[in-house]
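J.: If you want the building blocks of each chain, they are given just below.
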Amino acid sequence: MNDRTMRRSAAIAGLGYTPYYKRGQSLPQTLDELVGKSILAAVEDAGLSIRDVDGFAYFAGGFDTPMLMEMLGIPEVRFTASLTGTGGGSAGAVGLAAAAVHAGLAKTIVCVGGNQQGAQRFGAITSSYPLTPENAFFGTSGLVGPGHMFALLARRHMHLYGTTRDHFADVAMTIRNHALANPDAIMRTPLTRDAYFAAPLLADPHCLFDFCLETDCAVAVVVTSSERARDLRQRPVNILASAQGGSRDWGRSIYWMNMPDETFASSGHASVARDLYAAAGIGPSDVDTLQVYDHFSSQVIMQIEDYGFCAKGEGGPFVSSGAIGLGGNLPTNTDGGQLSAGYAWGMTHVREAVEQLRGTAVNQVPDAAVALVTGGPSVIPVSGLLLERAP
Amino acid sequence: MSLIAKRPPLPLAEIETNVWTLPFWQAAARHQFVASRCSDCGTFRMPPTPFCPTCQSQEIDWVKLPGTGSVYSYTIVSRAIFPGMEESLPYVPAIITLDGADGVRLISNVVESAIDAITIDARVSVIWQDLPDGQSLPQFQIISDR
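Residue numbers (the UniProt record's numbering), protein chains in the order written: chain X, 1 to 391; chain P, 1 to 146.
Simulated from the structure, these hints should not be mistaken for lab results.
Predicted, not measured: the structure shown is a model, and the values here were computed from it.
A few of these clues could be false.
[Said to hold, decoys possible] Between beta-carbon pairs, the in silico distance windows are:
1) X:S285 / P:D130: 56 to 62 angstroms
2) X:D249 / P:P83: 53 to 59 angstroms
3) P:I120 / X:T189: 32 to 38 angstroms
4) P:Q26 / X:A195: 49 to 55 angstroms
Glycine included, C-beta positions come from ideal geometry on N, C-alpha and C.
One chain only, chain X, in its complex shape (with noise of 0.2 angstroms):
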């Protein structure tokens, strides 16, 4: 890399996060209350000020930020910008900010994730959408959200590499097992394999348990330089690097259908995870523990391809080998992820890699050095976020 690259310049600071409800359960609290509880607990958590936040950095559109400087009392912004795209940027978000405080445009930039699905679902978010004449192409199919799409992508999956809903099947019994020992998941008694096969077909091969929860929560991180955050109130979570965007061939993914053989039963991960690793100077092998997007168990396997932890085609039998379980080389999701402890468009994860890097997570991976959290496989942007343990 050449020298004006952002690695470990920038640190996450500070953590905070509201309880994860179950959809509806947070009211009467609104969202943006959730959002504003979480940013004071992550500046909390760093021992610093709300009136010392001066940036912030989003994804999926963001949040208004002078609501937030209104409502929370923040005198000043001199940063604040978002990905475009939805879920796909929460890891990148955290780079965008890391971008910022490497560039000097701002010193404490908050990031921020959460939701409140009781007004709208999000299974149902296509048939929220505008007609316009871009979906005319999709939205006369039926192709109601998110899981009906990636279905079409999990089934092609199968059918080229032999994958089958015994691998997702593991892939979300596992991740299950991690949220028991989480007192803040959702989803906290055991899946066994015939409770998932007895589960119903939402959109075959997809059941119920392939799919994420619906939380309302929210999540927050501060960002700072590295040099700061040495002296502030937590260890340093450093980031090693970050990436977004991806190819023409994955484009509108889910929306478009076109994408090449070789990329359509994919999750449009491969370019990023190339530019990932190579800003960072590492490899798949020195990943400690992953944090996955998991809207969708079959994606699951499709990002573990993506990042390289096994070939392509191999992502089934790879989970179901015990590799991402508690003992295996890459424990993944190891909070319970948003498929079995809450969904907040992905910062859970963010969370979850901070808890593993700082020594404090609720099933700790033994000297957890090095965290890979991914952004949701979605339109482009798709992201990825490689954090460090401070020495």
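Following the hints, complete the assembly by docking chain P onto the known chain X.
T.: Just chain P, lined up with the frame of chain X:
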């Protein structure tokens, strides 16, 4: 006895157009199946967009296709996500690789076919769903061996 794939919920069948997509839907209303092809380099593209992604030309030929194809992937929806879907279940969103269009795919549905007969690579043929507003939607039916 196998279930039959129904048509997807009608409330979703509303079609917005622009100058680039209108010819597709105008042909559909006449039950003609067409796809856009670059007049200069011959690259097919669907949905139709203002530029050829290969050579950036804006010239389009609308090519009449045979209306047959094969199933690239599909999902079976058998649970309602919003009220009113129930009568349409089960329905089968499917991606169809269109014959005569260099591998271009269309997001559509397999309808009026036995669910058990739907497989990847199954051969399909277009049938038209006429909508109350005069538009027609291309949908696909499994071509029976018999």
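J.: State for each hint whether it applies.
T.: Comparing the hints with the structure gives:
1. X:S285 / P:D130: 56 to 62 angstroms: The hint (56 to 62 angstroms, Cβ to Cβ) holds, given that S285 of chain X and D130 of chain P are roughly 58 angstroms apart.
2. X:D249 / P:P83: 53 to 59 angstroms: Given about 38 angstroms between the Cβ atoms, the range is violated.
3. P:I120 / X:T189: 32 to 38 angstroms: Roughly 36 angstroms apart at Cβ, these two residues keep to the hinted range, so it holds.
4. P:Q26 / X:A195: 49 to 55 angstroms: Roughly 51 angstroms apart at Cβ, these two residues keep to the hinted range, so it holds.
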